[in-house]
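Student: Sequence:
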Amino acid sequence: METIRLTTAQALVKFLNAQFVHFNGQEQRFVEGIFTIFGHGNVLGLGQALEENPGHLKVYQGRNEQGMAHVAMAFAKQRNRKQILACTSSVGPGSANMVTAAATATANQIPLLLLPGDVFMTRQPDPVLQQIEQTHNLSISTNDAFQAVSKYWDRIARPEQLISAMINAMRVLTNVEDTGAVVIALPQDVQGEAWDFPLSFFNKRVHMIERRTPNPSSIEAIATTIRQKKKPLLIVGGGVRYSEAGKEVLAFAKKFEMPFAETQAGKSTISSSEQLNVGGIGVTGNLCANELAKQADVIIGLGTRFTDFTTASKSLFADKDIITINASPFHAQKLDAQYVIADVKEGIKALEEELNGYCANFTELETLKSKWQMERNRLANCVYNENYGPEISGHLDDELHDYVEALQTQLTQTKVLLHINKLIEHDAIITGAAGSLPGDLQRLWESQTTNTYHMEYGYSCMGYEIAAALGVKLASPKQEVYTMVGDGSFLMLHSELVTSLQENKKINILLFDNAGFGCINNLQMANGMGSFQTEFRYRDQQTNKTNGSVMAIDYAKIGEGYGLKTYRITSISELEAAMKDAKSSAISTLFDIKVLPKTMTDGYGAWWHVGIAETSNNPKVQLAYKEKEQNLQAARKY
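Quick note on UniProt numbering: the sequence shown kicks off at 1 and runs consecutively.
Be aware that a few hints might be false.
[Said to hold, decoys possible] Below, a list of computed lysine-lysine pairs in the DSSO-like style, where the Cα atoms sit at most 30 Å apart:
#, residue 1, residue 2
1, K247, K478
2, K557, K422
3, K294, K349
4, K229, K204
5, K545, K557
6, K565, K478
7, K637, K620
8, K294, K204
9, K151, K334
The set of hints was computed from the structure by calculation and includes no laboratory data.
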């Protein structure tokens, strides 16, 4: 057997360079590059290997370990999980910072390869800098925290263990049914140890991403069920996008006149302009989609995980027959569905053949779409002092006066958002993740070009938004990328703005500043609580509570300090001028948009199950608990 003597780190880099994927007749490299923040636990091992011979890997410099891992996740998501960026950090705070990103990737089933440094296997210098000593188990390190949030986890205690570990890592990273974060912990002494690796380990490896074909009997069974129904509603999930099955699903819907709704992950897989596309469904869904779901006699889930937001905590589909087509047996069988385990494209083509001659009968579709469009137009023109509705009315107009004064604005969130939808380039990609914006976007945003809506809502991780914009830009460099981020999420994490400048990758930050955690403020007040620690207000020295004046933060100055092109927005005319000007900017931009709280959307016939106090002295909380129990009784029990 021919061998080559390399350090563990050098062998890892050489192996990553030899990985390819094959899908739809096309072959491409799987690992495009690696994000790094070097510390004493990885700089002299993996860092040395990358400096000496990175191969084709492009090495990026991150600013925050969570941020750079979110960049990598967004890159993989935008590339439909067919290409990835790896991430390396030192042990200790560096690796701990990536735990949140690992959870985000696993919750969303996006491949993410993390290579954190680890403590010494020899234990000679124990406790090394940044090491946690667990007196009951000295083999535990910070990296053990990844085990709860990873799809595959391993620690390389000897150089030769790299072989089986990396083969398994690639198995999971290319698994369409059950991918997510993969963590290979690299003790810093082992990174520098050499071994005679077999040359065959570095041969070109092509990972075949295969389309699972459906069982004909399963297709026949669900076709029989559908034929007995008159009002089937399709749910387009993220699996449709990753299967690249948008055209096939659209053709299927048109042939059988079936309307289809979108999950957050499935949105923009098919253009919003298609007549049968009724938009977002569920807790953050719109009036039309949710009403159609109530009228439907069968729900057909395509590549969806049926999260609580999609199903309205299982209440929206409570009395419906459920059919699924999903590559994952776990997700296919949710809600006690009649299921087909298959790639969505293969499954929908087989079902189309089996259903020949069938036609759905949704006579209310046009009326409901027209009704929703009227509501959307109303939201596009809402101004301060109008009866805004149907949002949660936590503040009366006179109580908004201090926000108007502090933020120097009368803009409403929905009006700004819908104007942006008109002003943005048709092929521009938007990103988002947390707060009230994902709900507004799923309801209101219209995507004219496919795969231009990039939302992380499986984990709803605050701080993903800006890092995601950079990851998307790296994946789709020819398209403009905008991120929709609230002031709360911006304060959580925006460090990769610096990386965007360093790499000359222009991203656009649309920062909606309503001086608080507005989404959660809505949640608490809608369920009987008062406004408690969710608004950004100064502490009142007399009451010793944070109910003083509104904090007015100049976020544009933060952007200016980094070197971004910035705009301060308090009117629609300023928004229009800024967006026009930003299109000619060669560097990243930040729009500091001041909007009033309580001016986002809410409701439209869907319920969300949240924990509410069973006992309280507050009559409003008592009522909220009673309503929750009533809704729970009406929801699906499995």
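Student: What are the numbers of the hints the structure violates, in ascending order?
Tutor: Numbers 4 and 8, in rising order.
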